[in-house]
Amino acid sequence: MRVEQIAVFLENKSGRLAEITAKLAAENINIRALSVADTADFGILRLIVDNVEKAKTTLKNNGFTVGITNVIAVEVADKTGGLAGVLKTIEEEKLNVEYMYAFVNKTGENAVLIFRFDDMDKAIEALGRTGYTILSGKEICAL
Amino acid sequence: MTLYWEEEMETLPRVGLESIQLKRLQHLVARVYKTVAPYREKMDAAGVKPEDIQSLTDLAKLPFTVKEDLRENYPFGLFTVPMDQVVRVHASSGTTGKPTVVGYTKKDIRTWSGLMARALTCAGATSADMVHNAYGYGLFTGGLGAHYGIERLGATVIPVSGGNTKRQITIMKDFKSSVLLATPSYALNLAETMEALDVDPRDLSLRVGVFGAEPWSENMRDEVERKLNIKAVDIYGLSEVIGPGVAMQCLEGEKGMHIFEDHFLPEIIDPDTGEVLPPGEKGELVFTTLTKEAFPIIRYRTKDISRLLYDDCACGRTLVRMEKVTGRTDDMLIIRGVNVFPSQIEHVLMGTEGVEPHYQIVVNREGNMDTMAVEVEVSEDIFSDEIKKLENLTKRIQMDIKDMLGVTCRVKLVEPKTIQRSEGKAQRVIDNRKL
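Protein sequences appear in the order of chains A and B.
Offset between the first sequence (1-based) and our numbering: plus 7.
Offset between the second sequence (1-based) and our numbering: plus 25.
Treat the hints with care, as some may be off.
Derived pair list, reagent style BS3-like, types lysine-lysine, alpha-carbon separation capped at 30 Å [what the hints assert, rightly or not]:
1. A:Lys101 with B:Lys413
2. B:Lys420 with B:Lys349
3. B:Lys414 with A:Lys101
4. A:Lys95 with B:Lys414
5. A:Lys63 with B:Lys131
6. A:Lys20 with B:Lys420
7. B:Lys414 with A:Lys61
8. B:Lys48 with B:Lys67
9. A:Lys20 with B:Lys427
Partial selection, computed: residues in chain A whose CB lies under 8 Å from chain B [as the list claims (entries may be wrong)]:
10. Phe16
11. Ala44
12. Asp48
13. Arg53
14. Thr72
15. Gly74
16. Glu105
17. Tyr106
Derived by calculation from the structure, the hints in this document are not laboratory data.
Heads up, the beta-carbon is just placed ideally off N, CA and C, and yes, glycines get one too.
If we strip away everything but chain A, and leave its shape as in the complex, we get (with noise of 0.2 Å):
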């Protein structure tokens, strides 16, 4: 199970990031996660949101570079060895992650884990096979 997430090209400007959060409001877009990745000259903005169609469009129409992409979203219990025991499992597959964030929900009882492999089906698979519950889009916009 897969979970949409919107990416969007930052140039390292100051108030890009203020202008796409408030472009998202305006339109009653909610983000529920986010990453940013930056380098010396841009950032990438990775979204978890309520709506990808409709914030993949306003943001297109804001003249932003938009790019959707499936991440896996894993949730574990919010305790220590949380993370570690999923990586474990990784690991023992020889996935590699090319990123990965994390928010709390709002019980605060679990941690959902975003990640992005580079084989996503062996990753779900694997993640599946062990025992971890995989999110669907639907799921963390509920949570």
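Following the hints, position chain B against chain A.
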């Protein structure tokens, strides 16, 4: 006292010079008309025959030659002699990948060596000098052109070529280099490296520097002279005409470079109308070679902006002087001595899958080095959510540009629509250098 290499030719009264020029021009036009079809076709189309050249002003009747003509006849189509008489070729980068090729007979090499020796003599060099030749050796005319001239002069040539700056300084110290040949920006690079290595230029034997192949300002000249404790003089040339040694600044004169008019006939034209402009006016520099065998050229438009100064020079040479080149009529950039056309960069970008034609070239001078950044708008086709992929893309573009031009540049991805769209011709280049 002024040193001359060929005193008679260098100090000839204008009347005598012009009669030699006319004789050589008539001979050249007749030969080119007979042997090179593209020239003949252009002259026929313009309705001019070799016999129509009765005075130097008749030169204006002949059609111009442009870089495009060289490209259309790539590689050897404009050579006037069979290849078994050609002993060397040189090439410079073309505007869309195809280089411009020029050739030399044995006699051409002798002519060129003599002109370089004459140029070095203008700078006060003699057979007693150790000449440090830091121009690049290879297809570029700079390195080998200067090399042969130094040998012809009878001086000792140190063929160091470019790069490996620390070693160059060691050589300068140990070999007691007295004359430096380099691009002006490389000369400043040498000066800075000396500073970093705690080498005092006053401990070196350097006396004079002969700088060319890229535009440089009077401020830069002052800086080179101060930092290297030398006299810095200008040399001018281009491969289509012969290479370095077309014109040279003398030690005595204040401004401008003496054009070696017994071999090259200069004109200044209005770049828009093609009309020849009166003496002293600023315009595009046009050259006709008078003595070259393998690759003569008639009315070649250099696209360099300059002026011809006919007043007397303190050195006693009667050869006209051209002012330091103050600009270009096209969009050619010179980055660290290398000719760069925006179209070449565009060619690389268009060859990169998914890259859109929205780009901009930003040139700066940081310290004393030219830097070039190519900004490319990120389209959805090339965008990835992984940093690694975007960085691989910029690296690939960087390497392709380096392969094509030999110049390292920075490639920067920018957001779409951030590069200014202009009506008509796009503003491709932002040159922040103050030249």
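These are the hints, each one checked on the structure:
| no. | hint | verdict |
| --- | --- | --- |
| 1 | A:Lys101 with B:Lys413 | holds, 19 Å |
| 2 | B:Lys420 with B:Lys349 | violated, 37 Å |
| 3 | B:Lys414 with A:Lys101 | holds, 21 Å |
| 4 | A:Lys95 with B:Lys414 | holds, 26 Å |
| 5 | A:Lys63 with B:Lys131 | violated, 68 Å |
| 6 | A:Lys20 with B:Lys420 | holds, 22 Å |
| 7 | B:Lys414 with A:Lys61 | holds, 26 Å |
| 8 | B:Lys48 with B:Lys67 | holds, 22 Å |
| 9 | A:Lys20 with B:Lys427 | holds, 28 Å |
| 10 | Phe16 | holds, 5 Å |
| 11 | Ala44 | holds, 5 Å |
| 12 | Asp48 | holds, 5 Å |
| 13 | Arg53 | holds, 6 Å |
| 14 | Thr72 | holds, 5 Å |
| 15 | Gly74 | holds, 5 Å |
| 16 | Glu105 | holds, 5 Å |
| 17 | Tyr106 | holds, 7 Å |
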